[in-house]
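*Asks:* As a plain string of letters, each chain reads:
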Amino acid sequence: TQLLEQSPQFLSIQEGENLTVYCNSSSVFSSLQWYRQEPGEGPVLLVTVVTGGEVKKLKRLTFQFGDARKDSSLHITAAQPGDTGLYLCAGVSNDYKLSFGAGTTVTVRA
Amino acid sequence: DSGVTQTPKHLITATGQRVTLRCSPRSGDLSVYWYQQSLDQGLQFLIQYYNGEERAKGNILERFSAQQFPDLHSELNLSSLELGDSALYFCASSPGLAGVNEQFFGPGTRLTVL
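Chains L and R are the protein sequences, given in the same order.
With the working numbering applied, the first sequence covers 2 to 111.
With the working numbering applied, the second sequence covers 1456 to 1569.
Careful, some of the hints might be misleading.
In silico BS3-like cross-links for lysine-lysine, where the CA-CA straight-line distance does not exceed 25 Å [to be verified]:
no.	chain 1	residue 1	chain 2	residue 2
1	R	Lys1512	L	Lys98
2	L	Lys98	L	Lys71
3	L	Lys71	L	Lys57
4	L	Lys71	R	Lys1464
5	L	Lys58	L	Lys71
6	L	Lys57	L	Lys98
Some, not all, of what chain R presents toward chain L, calculated at C-beta under 7 Å [as the list claims (entries may be wrong)]:
no.	residue
7	Gly1497
8	Tyr1505
9	Glu1557
Source of the hints: derived by calculation from the structure; they are not laboratory data.
All of these numbers come straight from a predicted model, not from anything done at the bench.
Ideal Cβ positions, reconstructed from N, Cα and C, are used throughout, including at glycine.
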């Protein structure tokens, strides 16, 4: 059983379209991280959100942490083929353990 | 390149066998974490070491064990292997504790148990 539920599981869109990935939990986390993983490689950290309601922008990526620190979303504007990958959210508990969601596989078609 | 190295990259073995996976953290990082990634379970935290001592345990089986050596490299030992142990095993390192510091993941070891 995953502590963090990610949706959708798979997402395939055309280049230039927008997409949103969701990460939900019944648990409160001290912070939440988003990673992207490409085939044959380990996950790479994109962002850490710490404060409830926090919004962080990283070029075309916008990350939001829910007010109650239980959920988060990742929005990509004008997706590009280079955005293709497995997006993982990870909740950080008070004892610093990371709990990962199952991930969302994003495919951006040229 | 994250700076974390893992060997071997691929490992094929038989049920009942024992294997050792090796990880060298980024220079200066004191924490090492081990994760298992399989298709049905996703990325699961196994265990963390900080400066040579076990810091946190996750979903690690009793057949698995790990240690961190004085030079900070770490080894994950998997014994009495079963088919279900086939997975990608990742090592990650960070300067301190996760949540405070970013975790840097290695390229992983793909274990296939036949």
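*Asks:* Of the hints given before, which are not true for this structure?
*Replies:* 4, 8
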